[in-house]
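Peer 1: Letter by letter, the chains look like this.
Number of protein chains: 2
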Amino acid sequence: MFEKLFDINDLKQNEICSTYEIKFGQYTYPYHLVNGISREFVKPLLELEGVDSFVIVCDEKVERLYAQKVKKEIQAYYTCHIISFHCGEPNKNLKVLEQLIEKVLELRITRRTCIVGFGGGICGNMAGMLSAMLFRGIKFVHIPTSLMAMLDSVLSLKQAINSSYGKNLIGFFHTPDMVLANIEFLKTLPKAEIVSGMCEVVKNALTIIPERIEELCNLCNAQSAYSFKEYKFFIDISIKAKMAVMKEDPFEKEQGLILEYGHTIGHAIELASKGSISHGEAVGLGMLCAAEVSHKMGFLTEADVVLHTDLLKKIGAITRIPEELKLESILSVMRFDNKRGYLSSEKGKFHMIILEKIGKPLMNNGSLLTSVPEEIVKHALKKLMD
Amino acid sequence: MFEKLFDINDLKQNEICSTYEIKFGQYTYPYHLVNGISREFVKPLLELEGVDSFVIVCDEKVERLYAQKVKKEIQAYYTCHIISFHCGEPNKNLKVLEQLIEKVLELRITRRTCIVGFGGGICGNMAGMLSAMLFRGIKFVHIPTSLMAMLDSVLSLKQAINSSYGKNLIGFFHTPDMVLANIEFLKTLPKAEIVSGMCEVVKNALTIIPERIEELCNLCNAQSAYSFKEYKFFIDISIKAKMAVMKEDPFEKEQGLILEYGHTIGHAIELASKGSISHGEAVGLGMLCAAEVSHKMGFLTEADVVLHTDLLKKIGAITRIPEELKLESILSVMRFDNKRGYLSSEKGKFHMIILEKIGKPLMNNGSLLTSVPEEIVKHALKKLMD
Numbered sequence: 005m006f007e008k009l010f011d012i013n014d015l016k017q018n019e020i021c022s023t024y025e026i027k028f029g030q031y032t033y034p035y036h037l038v039n040g041i042s043r044e045f046v047k048p049l050l051e052l053e054g055v056d057s058f059v060i061v062c063d064e065k066v067e068r069l070y071a072q073k074v075k076k077e078i079q080a081y082y083t084c085h086i087i088s089f090h091c092g093e094p095n096k097n098l099k100v101l102e103q104l105i106e107k108v109l110e111l112r113i114t115r116r117t118c119i120v121g122f123g124g125g126i127c128g129n130m131a132g133m134l135s136a137m138l139f140r141g142i143k144f145v146h147i148p149t150s151l152m153a154m155l156d157s158v159l160s161l162k163q164a165i166n167s168s169y170g171k172n173l174i175g176f177f178h179t180p181d182m183v184l185a186n187i188e189f190l191k192t193l194p195k196a197e198i199v200s201g202m203c204e205v206v207k208n209a210l211t212i213i214p215e216r217i218e219e220l221c222n223l224c225n226a227q228s229a230y231s232f233k234e235y236k237f238f239i240d241i242s243i244k245a246k247m248a249v250m251k252e253d254p255f256e257k258e259q260g261l262i263l264e265y266g267h268t269i270g271h272a273i274e275l276a277s278k279g280s281i282s283h284g285e286a287v288g289l290g291m292l293c294a295a296e297v298s299h300k301m302g303f304l305t306e307a308d309v310v311l312h313t314d315l316l317k318k319i320g321a322i323t324r325i326p327e328e329l330k331l332e333s334i335l336s337v338m339r340f341d342n343k344r345g346y347l348s349s350e351k352g353k354f355h356m357i358i359l360e361k362i363g364k365p366l367m368n369n370g371s372l373l374t375s376v377p378e379e380i381v382k383h384a385l386k387k388l389m390d
Numbered sequence: 005m006f007e008k009l010f011d012i013n014d015l016k017q018n019e020i021c022s023t024y025e026i027k028f029g030q031y032t033y034p035y036h037l038v039n040g041i042s043r044e045f046v047k048p049l050l051e052l053e054g055v056d057s058f059v060i061v062c063d064e065k066v067e068r069l070y071a072q073k074v075k076k077e078i079q080a081y082y083t084c085h086i087i088s089f090h091c092g093e094p095n096k097n098l099k100v101l102e103q104l105i106e107k108v109l110e111l112r113i114t115r116r117t118c119i120v121g122f123g124g125g126i127c128g129n130m131a132g133m134l135s136a137m138l139f140r141g142i143k144f145v146h147i148p149t150s151l152m153a154m155l156d157s158v159l160s161l162k163q164a165i166n167s168s169y170g171k172n173l174i175g176f177f178h179t180p181d182m183v184l185a186n187i188e189f190l191k192t193l194p195k196a197e198i199v200s201g202m203c204e205v206v207k208n209a210l211t212i213i214p215e216r217i218e219e220l221c222n223l224c225n226a227q228s229a230y231s232f233k234e235y236k237f238f239i240d241i242s243i244k245a246k247m248a249v250m251k252e253d254p255f256e257k258e259q260g261l262i263l264e265y266g267h268t269i270g271h272a273i274e275l276a277s278k279g280s281i282s283h284g285e286a287v288g289l290g291m292l293c294a295a296e297v298s299h300k301m302g303f304l305t306e307a308d309v310v311l312h313t314d315l316l317k318k319i320g321a322i323t324r325i326p327e328e329l330k331l332e333s334i335l336s337v338m339r340f341d342n343k344r345g346y347l348s349s350e351k352g353k354f355h356m357i358i359l360e361k362i363g364k365p366l367m368n369n370g371s372l373l374t375s376v377p378e379e380i381v382k383h384a385l386k387k388l389m390d
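Heads up: the protein sequence lines correspond to chains A and B, in order. To get this note's numbering, take the position in the first sequence, counting from 1, and add 4. To get this note's numbering, take the position in the second sequence, counting from 1, and add 4.
Extracted from the complex, chain A is given alone in its bound form (with noise of 0.2 Å):
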């Protein structure tokens, strides 16, 4: 399929489908959304201004399948570099950012070399972290490979890394220059890691976009089979619920902590599980778990949580939590998670995001974090694990 890209006659223009241009605050960047990879998909790279070289960074399978031939097709305008790194979570912290910079310096850059991050959201935030530490800041594009990437990680100016007490407790803001998505790299990618990107479309339509619910509904299903055109929905759907409440809240600090929704739990069942289960699953598992405790609380009705439940069956995600996750475990990744200190913390309660209604977080003294009592929580738990 990529051998499209050196037939130029083969290029179809509406291939080049749509250029979103995304705002957040005052920190904007377009987002050029493509369908099939042909010389066009490039040109924006080599359009970009003030730019003297460039460095793809990548994993292995990426450089493989796709970056040495984008590297080939950038040549013949600019030097270009690929560093390929391991892009596992566990690979996501300082030490291996430090050998990444030492890597991307010894090729000599400048000022004016851009770093490209061509993968998915452990790559994208590494090459981030990457393109804002260099000469304190040089030119950054994201080529998201995973759904996820490129309806959440790379609409995001938050740039994340692990340490070894949690994670992305390391990291900072910085803006990419420019995105290309592809939805052709989606072809490649195994059904999980669909699963795992949709769970952030439901995260979004539960709590950002609720009239999008019952079309997102016609078009899920469990076998991750997906057109374009639907593909193309959801990244829509997904850039205007995050443009929606990012264009005023651009660090993601007051209303913007709704994209959080299902993260407290979320994060600690993905610890907690040494990676076994995905981001997205964690986090639909986090969100069930939220929609049990707004319920206990008298806010979101029975109804609205079997509603929680039917979008996640619906893209084919899991609804419970695995017997081989122990409560207590969960409970002491909680017990640090990087929430902490949006509210002065208090002992026994968690810091969480839980929906009033669905579309609408449950507000507290103009903030969206509810303290939680630890016993409502584990009740929230054990119910997803009887």
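The set of hints was computed from the structure by calculation and includes no laboratory data. A few of these clues could be false.
Stated by the list, open to error - Quick list of in silico lysine-lysine cross-link-like pairs, DSS-like style, CA-CA up to 27 Å: (1) B/Lys99 / A/Lys143; (2) B/Lys162 / A/Lys143; (3) B/Lys278 / A/Lys162; (4) A/Lys99 / B/Lys27; (5) B/Lys99 / B/Lys27; (6) A/Lys162 / B/Lys257; (7) B/Lys171 / A/Lys353; (8) A/Lys257 / B/Lys171; (9) A/Lys99 / A/Lys162; (10) A/Lys143 / B/Lys353; (11) A/Lys257 / A/Lys27; (12) A/Lys143 / B/Lys76; (13) B/Lys171 / A/Lys99; (14) A/Lys317 / A/Lys364; (15) A/Lys143 / A/Lys257; (16) B/Lys257 / B/Lys353; (17) A/Lys251 / A/Lys317; (18) A/Lys76 / B/Lys351; (19) B/Lys143 / A/Lys99; (20) A/Lys171 / B/Lys351; (21) A/Lys353 / B/Lys143; (22) A/Lys107 / B/Lys257; (23) A/Lys364 / A/Lys251; (24) B/Lys257 / A/Lys143; (25) A/Lys278 / B/Lys171; (26) A/Lys107 / B/Lys353; (27) A/Lys251 / B/Lys171; (28) A/Lys107 / B/Lys171; (29) B/Lys162 / A/Lys257; (30) B/Lys99 / A/Lys75; (31) B/Lys76 / A/Lys351.
Dock chain B against the given chain A, drawing on the hints supplied.
Peer 2: Using the frame of chain A, we list chain B on its own:
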């Protein structure tokens, strides 16, 4: 002297002498300049909003001399920890930063913790990086203890650390929430460090505020014996010079680049000397070279070059490159200077800031960087070596 901290009756109100409102573009922070350590000194810390605890980052000497006492004072109101490390140039790297990050996280800090960088420029940079990267940015206060830190490094949004490929190649911009400077700390400072800081004052005078040169000349002495009033003058004119160029250029990329005068060659001399020449004196030599280059290119007069030399002699700084430093080792560092890439790079040329006349940088197509042939740089370096 520090004992005064615990005797509120000894407090002289006039010791708290000035508060400056630092404005670099949209970024602002207060700079409190104090003489004499009393309880009042830590008061602004205790008044910071939204803080639930403090972590002081310093070296062992500062911990012993001052930080333990400041901690005690803070602890009457807030949790306060001290993390000390050896603040030398070889430790200004990502490995040590990672150790600090892990140590701070081990203290179970929150998003409301305030990091206090208590020390010289290296300590300030490491604390700045630390506060910027924890939870994507937490509160950050500078307590500078060296003259260089008081009048240069805390007056910048730049945070940077070294890579094995060069000084300050890794970093980003991060705004402190406050500066608490105290002239008292300078009383225990070695003369060499005072001279180093004074080189930056000379730089500010030669490049931005030539109208203060005469006044400065009258106050300087090679013994570095200065009164509180004189230090206040040096800090005052440095704040004014920095604000003049950074008010419209907070990231020091355009007119703010003038602050890098003497740094292209100076950094190389500092690095090649393996720390035996202080940052300030290295920049002093760098300015002398830049003046020679400008003279050779037909801009500065012989008298302007002599003014550079005279000012440096007045403050007790060296004006000759020590014998043990080889020309080739300086040039090889320069070839990978971190200013590469502001202009597209040309082999055999260096990008330097040179003066057209005293107080006025030479402009090239709107840029402060001039392409200088290696031969002319060599000539200038040799003049300081014979």
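Peer 1: With reference to the structure, classify each hint as holding or not holding.
Peer 2: Quick rundown of the hints versus the structure:
In summary, the hint linking B/Lys99 to A/Lys143 is supported, as the alpha carbons are separated by about 25 Å, within the 27 Å threshold. Annotation: proposed proximity of B/Lys162 to A/Lys143 holds, straight-line Cα distance about 18 Å (limit 27 Å). Note on B/Lys278 and A/Lys162: the hinted pairing is violated, with a Cα-Cα distance of about 37 Å set against a maximum of 27 Å. Distance check on the hinted pair: A/Lys99 and B/Lys27 sit about 36 Å apart at the alpha-carbon level, beyond 27 Å; violated.
Straight-line distance between C-alpha atoms of B/Lys99 and B/Lys27 comes to about 33 Å, which puts the hinted pair past the 27 Å bound. For the given pair, A/Lys162 sits about 24 Å from B/Lys257 by alpha-carbon distance, which is consistent with the 27 Å threshold. With a C-alpha separation of about 45 Å, the suggested pair B/Lys171 and A/Lys353 falls outside the 27 Å cut-off, and the hint is violated. The hinted pair formed by A/Lys257 and B/Lys171 fails the criterion: a straight-line CA distance of about 34 Å is larger than 27 Å.
Restraint check for A/Lys99 and A/Lys162: the C-alpha separation of about 19 Å stays at or below 27 Å, so the hint holds. Note on A/Lys143 and B/Lys353: the hinted pairing holds, with a Cα-Cα distance of about 24 Å set against a maximum of 27 Å. For the proposed pair A/Lys257 and A/Lys27, the alpha carbon gap of about 16 Å is at most 27 Å, so the pair holds. For a cut-off of 27 Å, the pair hint linking A/Lys143 to B/Lys76 is broken: about 45 Å separates their Cα positions.
Taking the CA atoms of B/Lys171 and A/Lys99, the gap is near 19 Å; set against the 27 Å cutoff, the hint holds. Annotation: proposed proximity of A/Lys317 to A/Lys364 holds, straight-line Cα distance about 22 Å (limit 27 Å). As the CA atoms of A/Lys143 and A/Lys257 are separated by approximately 25 Å, the hinted pair is consistent with the 27 Å bound. In summary, the hint linking B/Lys257 to B/Lys353 is supported, as the alpha carbons are separated by about 20 Å, within the 27 Å threshold.
Proposed proximity of A/Lys251 and A/Lys317 is contradicted: the alpha carbons are some 31 Å apart, above 27 Å. Our distance criterion of 27 Å between C-alpha atoms is met by A/Lys76 and B/Lys351, whose separation comes to about 25 Å. The suggested pairing of B/Lys143 with A/Lys99 holds, with an alpha-carbon distance near 25 Å, which does not exceed 27 Å. Annotation: proposed proximity of A/Lys171 to B/Lys351 is violated, straight-line Cα distance about 44 Å (limit 27 Å).
Distance restraint check for A/Lys353 and B/Lys143: the Cα-Cα separation of roughly 24 Å lies within the 27 Å cut-off, and the hinted pair is therefore satisfied. Pair hint A/Lys107 plus B/Lys257 holds up; C-alpha atoms about 26 Å apart against a cutoff of 27 Å. Simply put, A/Lys364 and A/Lys251 have alpha-carbon atoms about 18 Å apart, close enough for the 27 Å limit, and the pair holds. About 15 Å separates the Cα atoms of B/Lys257 and A/Lys143, which keeps this hinted pair within 27 Å; it holds.
Restraint check for A/Lys278 and B/Lys171: the C-alpha separation of about 38 Å exceeds 27 Å, so the hint is violated. For the hint linking A/Lys107 to B/Lys353, the alpha-carbon distance of about 25 Å falls within 27 Å, and the restraint holds. A hinted pair counts as satisfied when its Cα atoms are at most 27 Å apart, and A/Lys251 with B/Lys171 does not qualify at roughly 37 Å. Taken as a hint, the A/Lys107 and B/Lys171 pair is honoured in the structure, with Cα atoms around 16 Å apart against an allowance of 27 Å.
Straight-line distance between C-alpha atoms of B/Lys162 and A/Lys257 comes to about 24 Å, which keeps the hinted pair within the 27 Å bound. Taking the CA atoms of B/Lys99 and A/Lys75, the gap is near 32 Å; set against the 27 Å cutoff, the hint is violated. Of the supplied pair hints, the one linking B/Lys76 and A/Lys351 holds, its CA atoms being roughly 25 Å apart against a limit of 27 Å.
Hints 3, 4, 5, 7, 8, 12, 17, 20, 25, 27, 30 from the earlier list are contradicted by this structure; the remaining hints agree with it.
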